[in-house]
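**Q** Top line first, the protein sequences correspond to chains A and B.
Going by this note's numbering, the first sequence runs without a break in its numbering and finishes at 493.
Going by this note's numbering, the second sequence runs without a break in its numbering and finishes at 1202.
Read the hints as simulated data drawn from the structure, not as lab findings.
Mixed in with the good hints, there may be bad ones.
[What the hints assert, rightly or not] Chain A is faced by these chain B residues, among others (derived, beta-carbon under 8 angstroms):
1. R1039
2. D1042
3. L1056
4. P1061
5. Q1063
6. Y1073
7. L1125
8. V1128
9. A1166
10. V1169
11. V1171
12. S1175
13. K1180
14. P1182
[To be verified] For each label pair, taking beta carbons as the anchor points, the in silico distance ranges come out as:
15. B:F1149 / A:R233: 32 to 40 angstroms
16. B:A1059 / A:S6: 47 to 55 angstroms
17. B:L1072 / A:M138: 38 to 46 angstroms
18. B:L1072 / A:L484: 28 to 36 angstroms
19. A:D195 / B:R1116: 30 to 38 angstroms
20. B:W1107 / A:S199: 19 to 27 angstroms
21. B:R1103 / A:F192: 33 to 41 angstroms
22. A:A467 / B:L1072: 20 to 28 angstroms
23. B:V1171 / A:I339: 30 to 38 angstroms
24. A:H336 / B:L1164: 33 to 41 angstroms
In this text, a Cβ means the ideal position worked out from N, Cα and C, and glycines have one as well.
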Amino acid sequence: MDMLMSGIGMLMHWDVLLALLVGSVGGVVIGAIPGVGPAVAIAILLPATFAMEPLVGLVMLLGIYGSSMFGGALPAILINTPGTAVNALTTYDGHPMTKRGEALRALGLAYGASFTGGVLSILALILFSPVLAKVAPMFGSREIFLAALLGLVLVVLAHRGQTFAAGALAGLGIFLGTVGLEPVKYTQRFTFGQDWLGSGFDLIVVVLGLFALSQAFDLLSSPESAPDAQPIRGRMGRAMTEVLGFKRIAGVGAGFGVLMGMIPGVGEFTAQFLSYTYAQKTSKDPDAFGKGSPEGLVASEAANNAVPAAAMIPLLALGIPGEALTAMMLSVFYVHNVIPGPQLFQGQIDFVYALYAAMLLLNVIVVAFLLVASNGLLRIIRIPTRFLGVMILVLSFVGVYSLRNSTVDCALAAGFGVLGLVLKRQNLPVVPIVLGMVLGGIMEVKLRSGMARVRTFADFFDRPIAAILGLAILALLTLHFVGLYRENRNRET
Amino acid sequence: MTPAPENGRRAEKLPRAGSRFRNVIRIRNFQALFGRFGRPGDLIFASGFMVLALALLLALPWQVVWAPRTRLYMQPGFWPGVAIACMVLFGAGHLLGALLSDRRPGWQAELLGWARSLEFAGWFLVYVWLVPLGGYLPVTILFTCALAFRMGYRSWRWMGLSGLFALGVVVGFKSFLQVKIPAGAVYAYLPDGIRTFAMVNF
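Chain B extracted, bound-state conformation (with noise of 0.2 angstroms):
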């Protein structure tokens, strides 16, 4: 059905202009088919994605090696290329469709979303550097007890709760199944009597 004319425009015009855009809305079709519902930030992630697919791509010939006389699917470079191939081809659709999507408001709030998780990300690291130094079983109890904190359980009934929850964690993992986790450097500073069963248990 051709749609009403607005604004004084001429309706023999109309026909005209949707023949312009038949193809994209043919392409528009295609990938409704797909049945794409985009979210806030699906633009961004999609050309971030495709950047990344197009950046290995212009870095897979120096980034492989390319053997003489060997046969394409032996070569150390085919399955890298097919890897590739596959997110740039399928990364195109995807974004693709992020163009031809209606736009959803919020994508500041949603990168917003993504950024916060970069918070916790540094505290996961900030306890990865310090267990080594300070042993498992203590930075443990001050990292649960500290990131509970920040979250807002800062009664005593929490901190409690967070230091056994740590302990437990300890025991159960450390001294009942033997992971391999480093004594901490702090631990050469215990009495004699202590060290060791502090080293191989917590």
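Chain A with its partners taken away, still in its complex shape (with noise of 0.2 angstroms):
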């Protein structure tokens, strides 16, 4: 309870919270206008928040993080637009309700639910931060190499139906990882001998390139759209209160969101489906669901916004980022040298605790914008697609240049946007590269020392969590080739 406090006291002030308010109402306004999206926004502020305390620069990026999918549900639910990705499927039930002259109802059922999944989700984690700080020193490098492993696999698996792409984007991204100077024998690695590549690839330019110039790019070379909303009328905070109907479905979606935010490579699409399929399967009328079932909606809401504080924990407990964003967040970690891991459980948990807080009060500080500002937040999604692609490049060059200044990193990060742009255009997923980058960083450091008193392959195994981490590794591939085995036989009769 003292470390508790402690963390509530660390929040307390004016520059944390002020980045707070900042971080949650800019991460509204961000989520609210389909084709920005909080990967576009994390990544070009990233290097602005170097400056800043690491509380005050994590607390803003979380605030960014954890209320874009309260914005996304707006054109979700309005104009049939997901604001953000990960708010595809309130499109589901959110628009066809608007169809039927329940647009308050569907708003104020989405921003209840948000809030319900989020606040539970923070409170489940507060309760389960004691055992994590008695579980986390018991991971040693060969538990973080499989942990990592873990994540590496769960990623390419979770693309069903790209796993081959996933794969191989994931091995681009571990050796752009490995370019340049080698960090035990300080030998060179793919430089070709030039000079620019002796640093590497630096992960923000490579983010900024895949998330944000992409897209600034998609939306330059896209026709023009410009969607249209009308206004809401009535009053959101009793629209709100009905969510309040709906606490099983609520709880539930919360459940799956933690449980699969704290897996690595997992997230909120699995989180939806397994929330929105539980929903439908004990609904009284599983009919309407895709159709304006506020059950739907609300299963949909509640377990993607229970994710961000659950995707925190691998971060935090073993410093291994479980997707995109939190791969972008330990950068802030590393530059202040804050190393998440075991320690940071052990020594700082008030700090962990202080970052709950914050997640804890943005929630809060989301509903009072929302209440008074969803009318206001329609002129923003009225902004033409091709001026929000000439917005994104100006503010990209912010992001990248601020680095280092240097005109090869914005040459590399424009190559790295037109990467993105392809395997957009093709359908062809990012993340693996991402987290193949930093995952295959952590991965390599770890085999090193994991192997130092390893004399057999067996001996990588002998403590419990290695053991288990390997068994679940093998699991999940046994499963996933006898579900190939089987559905081959399938087709085949």
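Taking the hints as your guide, dock the two standalone chains into a single complex.
**A** The structure is reproduced here in structure tokens:
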């Protein structure tokens, strides 16, 4: 309890609170603009946060991460266009409700469910943290290597239908992370005698290219669209309270969000899918799902908003990001010499609690903001897409150039922007590249240190956590291939 | 079910033709399990990626140092080797899938779509090149207005909005957040009174 109070005390500084306010409101606004999304915003703002205190910078980015999905529900419900990718499922039931003249009800339910999911997940994590503090020190080099490997395997397998592409792109990400000076024997790798490759590919340059610049190029080279939406009339506060009639679905959705968020590489989509399927299977009116079911809307929004808090768990406890956004946040930690991992949970648990308290507070700020600003946000939805592309391109410059004032970085980011656009048009995933880059670096270092006392292959798994992780990887691969075999057999018969 | 013979071909020949391609069909089924939905240009991307992966594989022996009397996992080349192996193996699977998938028309339009992004990459690089010369504020206003004009926003209203947006970005990031962007060379010609102010804030 003392640590919790100490964490809350860390939050009570004007700069931290201002960063939280800016991040939360900014996140809602960014989420409400289709075609931007939190990844683009975080990538652009990342270098600007390097000059801030770690907590200030992280709280701002967390604000964007945690609140963007609230904002993303607005265009998903009103104009059938998800503001962020994870709001796609919200369109299934949200927009049909709007077409029935129930826009206010749909928005109220979405905001209420998001709030419930966010708050429940944070409360669960606060209660869960003492356990994590005990488990985290049991992770040595081998365990962290295996956890990172599990994350990569999950990322590849989670892209069902694109497994080969995801694996190849994860390989590319790992490769990009190895270019330049190697950390143990200090030799150059794949620099081809070029000085500009000596320091390797900076994660932020790659991320800005793949997320922000690619999005700008896509918007600039696509046909113009300027969506329109009708103003919302009625009392939003009352509409939000209707979620109390769906307590079970919101609670289960939040539970799925917490569970899936904690597993690296899984995230919002699986949580939403499980939550939505559960809600449909247990509903008295399953046929209404996809046609404007309030239960479907609550299930989807409660699950996706429970993920951000949970996704911080592998990052904070093990230093392993589970998806692209937490991978970006990892660089904020590194810049400030705060190394996330078991030591953080042991020695600076108040810092962890401060982050949780910030996430709790951001949910309150966002709901208060949405109560008064939903109609104002409709103006932002109307920004024409090509002009949005111009804006993102101008903002991306700040992100890339302010890193090292390097023209080479900008050229590389532009190159990755083109690659990102090609991947987007080909419907191929970008996230494996980013996670491959981050997790590959962790795995290389941890494998080297983890192998120090290993004589045989079995020695690598002689500790309980290592054995569990090893078995989990094996089980996942086995289940995947058994699934493929069965599917193949069914196809042949 | 055996399909009906066409154009007078004998029915008994068909099973033989089927057996000839059975392995291919099996691979195709295997690939179909991964649920591949190829888009136009799929094969071009998959081939390009494979060429890159193989080129990196060929470069591996001479682009890393192989240390004598050092265990494999400690070798500087081990981890790039793992990465490239993943690229080659998974890339080959992806290419195989592209080869076996039904061709979709429109690869030329898709390539054109990829190429169109190069124009905007060019705009971005010109902007990057101009900022240290002309200064962040003037170049950003000029760039935003010019690109907005190029994209069809040609009224005074849009030009004004573009200028205001550019000003907001510069004031927000450079003046307020003090991000590291060098002062433009052109600022050296400003009068003494405002030179330092402009260099620090714009």
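**Q** Look at each hint and say if it fits the structure.
**A** Hint-by-hint comparison with the structure:
1. R1039: holds, 5 angstroms
2. D1042: holds, 7 angstroms
3. L1056: L1056 of chain B check passes; min Cβ-Cβ to chain A is 7 angstroms, inside 8 angstroms.
4. P1061: violated, 12 angstroms
5. Q1063: The hint holds - Q1063 of chain B has a Cβ within 8 angstroms of chain A, the shortest such distance being about 5 angstroms.
6. Y1073: Holds. Min distance 6 angstroms.
7. L1125: holds, 6 angstroms
8. V1128: holds, 4 angstroms
9. A1166: holds, 7 angstroms
10. V1169: holds, 6 angstroms
11. V1171: violated, 12 angstroms
12. S1175: Result: violated, 12 angstroms to nearest chain A Cβ.
13. K1180: Hint on K1180 of chain B: holds, closest Cβ of chain A at ~5 angstroms, below 8 angstroms.
14. P1182: The hint holds - P1182 of chain B has a Cβ within 8 angstroms of chain A, the shortest such distance being about 6 angstroms.
15. B:F1149 / A:R233: 32 to 40 angstroms: holds, 38 angstroms
16. B:A1059 / A:S6: 47 to 55 angstroms: holds, 53 angstroms
17. B:L1072 / A:M138: 38 to 46 angstroms: 28 angstroms Cβ-Cβ, so the 38 to 46 angstroms window is violated.
18. B:L1072 / A:L484: 28 to 36 angstroms: holds, 31 angstroms
19. A:D195 / B:R1116: 30 to 38 angstroms: With Cβ atoms ~32 angstroms apart, the hint holds.
20. B:W1107 / A:S199: 19 to 27 angstroms: violated, 37 angstroms
21. B:R1103 / A:F192: 33 to 41 angstroms: Once the Cβ atoms are compared, 36 angstroms apart, the range 33 to 41 angstroms for F192 of chain A and R1103 of chain B holds.
22. A:A467 / B:L1072: 20 to 28 angstroms: holds, 24 angstroms
23. B:V1171 / A:I339: 30 to 38 angstroms: holds, 35 angstroms
24. A:H336 / B:L1164: 33 to 41 angstroms: holds, 34 angstroms
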